[in-house]
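Top to bottom, those sequences are chains S and F. Heads up: the first sequence begins at 1 in our numbering, then just goes up one per residue. Heads up: the second sequence begins at 1 in our numbering, then just goes up one per residue.
FYI, nobody ran anything at the bench for these hints, they're computed from the structure. Any given hint could turn out to be false.
As the list claims (entries may be wrong) - Covered stretches of chain F, going by a simulated chain S footprint (3 or more residues, C-beta under 8 Å):
| no. | segment |
| --- | --- |
| 1 | 10–21 |
| 2 | 60–66 |
| 3 | 72–83 |
What the hints assert, rightly or not - Each computed DSS-like pair below joins lysine-lysine, with the alpha-carbon atoms no more than 25 Å apart:
| no. | chain 1 | residue 1 | chain 2 | residue 2 |
| --- | --- | --- | --- | --- |
| 4 | F | Lys-11 | S | Lys-100 |
| 5 | S | Lys-54 | S | Lys-100 |
| 6 | F | Lys-71 | F | Lys-83 |
| 7 | S | Lys-100 | F | Lys-15 |
| 8 | S | Lys-100 | F | Lys-71 |
| 9 | F | Lys-44 | F | Lys-15 |
| 10 | S | Lys-69 | F | Lys-62 |
| 11 | F | Lys-78 | F | Lys-11 |
| 12 | S | Lys-110 | F | Lys-11 |
| 13 | S | Lys-3 | F | Lys-83 |
| 14 | F | Lys-44 | F | Lys-78 |
| 15 | S | Lys-54 | F | Lys-44 |
| 16 | S | Lys-3 | S | Lys-54 |
| 17 | S | Lys-110 | S | Lys-100 |
| 18 | F | Lys-62 | F | Lys-83 |
| 19 | S | Lys-3 | S | Lys-52 |
| 20 | F | Lys-83 | F | Lys-15 |
| 21 | F | Lys-11 | F | Lys-83 |
| 22 | F | Lys-71 | F | Lys-15 |
| 23 | S | Lys-3 | S | Lys-69 |
| 24 | F | Lys-83 | F | Lys-44 |
Built from N, CA and C at the ideal position, the CB exists for glycine as well.
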Amino acid sequence: LAKTTQPISMDSYEGQEVNITCSHNNIATNDYITWYQQFPSQGPRFIIQGYKTKVTNEVASLFIPADRKSSTLSLPRVSLSDTAVYYCLVGGDLTGGGNKLTFGTGTQLKVEL
Amino acid sequence: EAGVAQSPRYKIIEKRQSVAFWCNPISGHATLYWYQQILGQGPKLLIQFQNNGVVDDSQLPKDRFSAERLKGVDSTLKIQPAKLEDSAVYLCASSPPAGRRLNTEAFFGQGTRLTVV
Numbered sequence: 001l002a003k004t005t006q007p008i009s010m011d012s013y014e015g016q017e018v019n020i021t022c023s024h025n026n027i028a029t030n031d032y033i034t035w036y037q038q039f040p041s042q043g044p045r046f047i048i049q050g051y052k053t054k055v056t057n058e059v060a061s062l063f064i065p066a067d068r069k070s071s072t073l074s075l076p077r078v079s080l081s082d083t084a085v086y087y088c089l090v091g092g093d094l095t096g097g098g099n100k101l102t103f104g105t106g107t108q109l110k111v112e113l
Numbered sequence: 001e002a003g004v005a006q007s008p009r010y011k012i013i014e015k016r017q018s019v020a021f022w023c024n025p026i027s028g029h030a031t032l033y034w035y036q037q038i039l040g041q042g043p044k045l046l047i048q049f050q051n052n053g054v055v056d057d058s059q060l061p062k063d064r065f066s067a068e069r070l071k072g073v074d075s076t077l078k079i080q081p082a083k084l085e086d087s088a089v090y091l092c093a094s095s096p097p098a099g100r101r102l103n104t105e106a107f108f109g110q111g112t113r114l115t116v117v
C-alpha cells in the first residue's frame, strides 16, 4: 500500500498561487493520485485526480512527473475560503471491490489577507 | 443529485453504552465506506463494502464495532460497548462503479460526531 508524505501545514496570502507537494515513492502501476479538501465539520471533498503528466480542472491543477513518485497540487490565486486541510491519496481499484482510499495526515493550508 | 445522508449529526453517550450510526449512500453507488476521524487526524478506514459484501474490514475493532449493509444500499455502524477513545467523527462515503475508468471519486457525508463521556 503506497504511503504518502506531505507537509503538515502551509501559510499563504490571498491572491497567491499555492503548491502542495506529496511524496509517494512506492506507488503501484495501477494507482491513481487523488486530492481531497476538508473544511472543519465537513466530510472530505474531491478536488482532482490524475495518473500522469498534468491534469487541470476549474479549481486546481495536478502535476505528476514521469516517475510518479511525487505529485503537486497547485491552487491558483487562493482566497480565504481555501483555508482547509488537503489530503493526497494514492490507490487503485481492489479488483472489483471499489477503490482503496487511504488518508494520511494531510496539509493544513491557512490563507490570510 | 442528493448527497450521502448520515444520522444522527451528533451523539453523546456514556462509556460502556451502545450507539448506532446510519448512512444512506448516493443512489446507484456500489461502494460504501465508513471512516473514523479523530480530532486533528486524517480519516481512518474502518470498513469498505462493495454492494452488500465486505471488501476490507482490517482496521475495524471487531470486538466492539460491527457494520452491515443490507440489500446493498443503506448501512449501519454500531459500537457496543463504547470506550472514551471512540470519541470521533464517523464519516460515511460512497462511490459509483468504476466502469471503464480505474478510479472514481468518493462522496462523503457530513459525519456523525460522537462524544463518549
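Legend entry - 25 Å Cα cutoff - pair Lys-100 (chain S), Lys-15 (chain F): Measuring from Cα to Cα gives roughly 32 Å; hence the hint is violated.
Inset, instruction - With a cut-off of 25 Å on the C-alpha distance, tell me whether Lys-3 (chain S) and Lys-52 (chain S) pass. - result: 18 Å, holds
Inset, instruction - Mind checking the alpha carbons of Lys-71 (chain F) and Lys-83 (chain F) for me, to see if they're no more than 25 Å apart? - result: Judged against 25 Å, a Cα distance of about 30 Å means the pair is violated.
Inset, instruction - Take a quick look at whether Lys-54 (chain S) and Lys-100 (chain S) sit within 25 Å of each other, Cα to Cα. - result: 22 Å, holds
Inset, instruction - Measure nothing beyond the straight line between the CA atoms of Lys-11 (chain F) and Lys-83 (chain F); if it is 25 Å or shorter, mark the hint as holding. - result: The hint holds at about 14 Å.
Legend entry - Coverage criterion applied to the segment 60–66 of chain F (partner chain S; beta-carbon cut 8 Å; 3 residues): violated (count 0)
Inset, instruction - Please work out if Lys-3 (chain S) and Lys-54 (chain S) have their alpha carbons no farther apart than 25 Å. - result: 21 Å, holds
Inset, instruction - Starting from Lys-69 (chain S), check that the Cα of Lys-62 (chain F) is at most 25 Å away, please. - result: 35 Å, violated
Inset, instruction - Could you grab the alpha-carbon distance between Lys-44 (chain F) and Lys-78 (chain F) and see if it respects the 25 Å cut-off? - result: 16 Å, holds
Legend entry - 25 Å limit on alpha-carbon distance, applied to hinted pair Lys-3 (chain S) and Lys-69 (chain S): 11 Å, holds
Inset, instruction - Compare the distance between the alpha carbons of Lys-100 (chain S) and Lys-71 (chain F) with 25 Å, and conclude whether the hinted pair is satisfied. - result: 22 Å, holds
Legend entry - Coverage claim, chain S over the segment 72–83 of chain F, checked by counting residues with Cβ within 8 Å (three needed): violated (count 0)
In summary, the numbered hints that this structure violates are 1, 2, 3, 4, 6, 7, 10, 12, 13, 15, 17, 22.
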